[in-house]
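Asker: Each chain, letter by letter, is given below.
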Amino acid sequence: DGGITQSPKYLFRKEGQNVTLSCEQNLNHDAMYWYRQDPGQGLRLIYYSQIVNDFQKGDIAEGYSVSREKKESFPLTVTSAQKNPTAFYLCASSRTVAVSYEQYFGPGTRLTVT
Amino acid sequence: KQEVTQIPAALSVPEGENLVLNCSFTDSAIYNLQWFRQDPGKGLTSLLLIQSSQREQTSGRLNASLDKSSGRSTLYIAASQPGDSATYLCAVRPQETSGSRLTFGEGTQLTVNP
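Chains as they are written, first to last, in the working numbering: chain A, 13 to 126; chain B, 16 to 129.
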């Protein structure tokens, strides 16, 4: 059963703490992405990775960090520098970053920081 | 910079009605356009993908059209059902060769009343 898993579904943290969101895929995709979604808004790209040990900043990378040590995994760390971390976070993957390949999305993690 | 706008932001219709959701984009240099469905608190499900060379795509009761030169796409839903209630997002992919960066609209929240 191939797909993308994100855990946990809900995450609560106190302000000032770093938190790491998990994203795993078993689709054998090279490219992975992290998006942020705020209420009533579309998705905005945080970071993407074309291949293991490589990642690029998206449109709103400030306050976030990522790693890509394994093809299957692309964890996102929300640092204390992120001013408004409460949001819905979606991970996606595609065969490569080439425009001809569709992105497939995980179920999302809702992060609440108080 | 590409901008994607969806009108209306919210729509409520009685069951059985045919309806149209609108998506407009500012840069016509796109590779393709994709319509997604998002249920509350869930990830994105791809509905239809239209290549820039195509005029429309159909899947069951859904029909998506694309007028690239005018920067518009519509999603037509025939004989709407309560199960169609969800947020519908459109996203465009640029023609550039590096990085499959999707730009999303804010979405249209559809409610179909029984």
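By construction, these hints were calculated from the structure, which means they are not laboratory data.
Hints are not guaranteed to be accurate.
Residues from chain B shown here face chain A by an in silico Cβ test under 8 angstroms; the list is partial [unchecked claim]:
id: 1; residue: 58
id: 2; residue: 91
id: 3; residue: 94
Covered by chain A, according to a simulated footprint, are these stretches of chain B (three or more residues, beta-carbon under 8 angstroms) [unchecked claim]:
id: 4; region: 37-50
id: 5; region: 68-79
id: 6; region: 100-109
id: 7; region: 119-128
Cβ atoms here follow ideal geometry from the backbone N, Cα and C, with glycine treated the same way.
Asker: Could you tell me which of the numbered hints above are not met by this structure, giving the numbers in increasing order?
Answerer: 2, 3 and 5
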